[in-house]
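Colleague: Sequence:
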Amino acid sequence: MRTFIVGDETKLKAVSEKLLHANLSQVRSEAALKALQEANPHADLNRLARGTVLFVPDTPGFKVSTTSSATEGPLTALHELLDEALGLALEETAAGSNARLADQEQTVKAFDDGAVKKAIGDPNVGGQIRESVNAVRKGFEADRELAARAEKNITEVGKAAIAKLNELGKLLG
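Under full-length UniProt numbering, the sequence shown has 81 at position 81, and the numbering climbs by one with no breaks.
Mixed in with the good hints, there may be bad ones.
Unchecked claim - List time: in silico DSS-like cross-link candidates among lysine-lysine, alpha-carbon distance up to 30 angstroms:
(1) 170 - 159
(2) 117 - 138
(3) 117 - 152
(4) 164 - 152
Unchecked claim - Computed beta-carbon distance windows for the label pairs:
(5) 110 - 168: 20 to 26 angstroms
(6) 75 - 98: 32 to 38 angstroms
(7) 11 - 162: 26 to 32 angstroms
Keep in mind that the hints were calculated from the coordinates and are not lab data.
Virtual Cβ for every residue (Gly too), placed ideally from N, Cα, C.
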């Protein structure tokens with residue numbers, strides 16, 4: 001579906017000349033105008049006001065060059081909104097990951113502290129402390145992998161959504 005905004009040409013004959021191909025037979029012209037009226041029950045085609053928006057059906061006989069896509073503006077706005085939302089989601093995910101990484105680095109530095117090393121060397125409790133330190137390090141590695149996957153998933157979902165929007169735009173014209 002496309003749109004046409006009535007300008008100075010408020011008479012049906014003038015609008016028809018703008019919208020319809022010149023080489024149409026009388027029968028095809030009448031059929032096209034009937035389709036135009038059906039698409040615009042809100043408008044009296046014989047008494048159009050300047051600024052009236054007409055929906056132009058995607059049927060033979062109508063000029064594409066004098067009309068605009070009815071979906072282009074909203075789809076473009078949705079595309080921009082989606083891009084912005086995905087950008088913010090990626091930024092926030094990365095910021096959270098960076099903050100956790102900084103905290104994890106501080107914890108790993110603490111593991112290298114002399115007192116921790118001494119405790120790990122203690123024959124009575126050292127094994128338990130070493131296991132705990134190793135478990136924390138493995139947890140940090142798993143966290144980094146999950147953060148990377150989250151960023152990848154956001155990117156993939158964004159690409160898929162944009163592809164679907166583009167597909168929808170092609171379907172709607």
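Colleague: Each hint: holds or not?
Modeller: Comparing the hints with the structure gives:
no., hint, result
1, 170 - 159, "holds, 17 angstroms"
2, 117 - 138, "holds, 18 angstroms"
3, 117 - 152, "violated, 37 angstroms"
4, 164 - 152, "holds, 18 angstroms"
5, 110 - 168: 20 to 26 angstroms, "violated, 53 angstroms"
6, 75 - 98: 32 to 38 angstroms, "holds, 34 angstroms"
7, 11 - 162: 26 to 32 angstroms, "violated, 43 angstroms"
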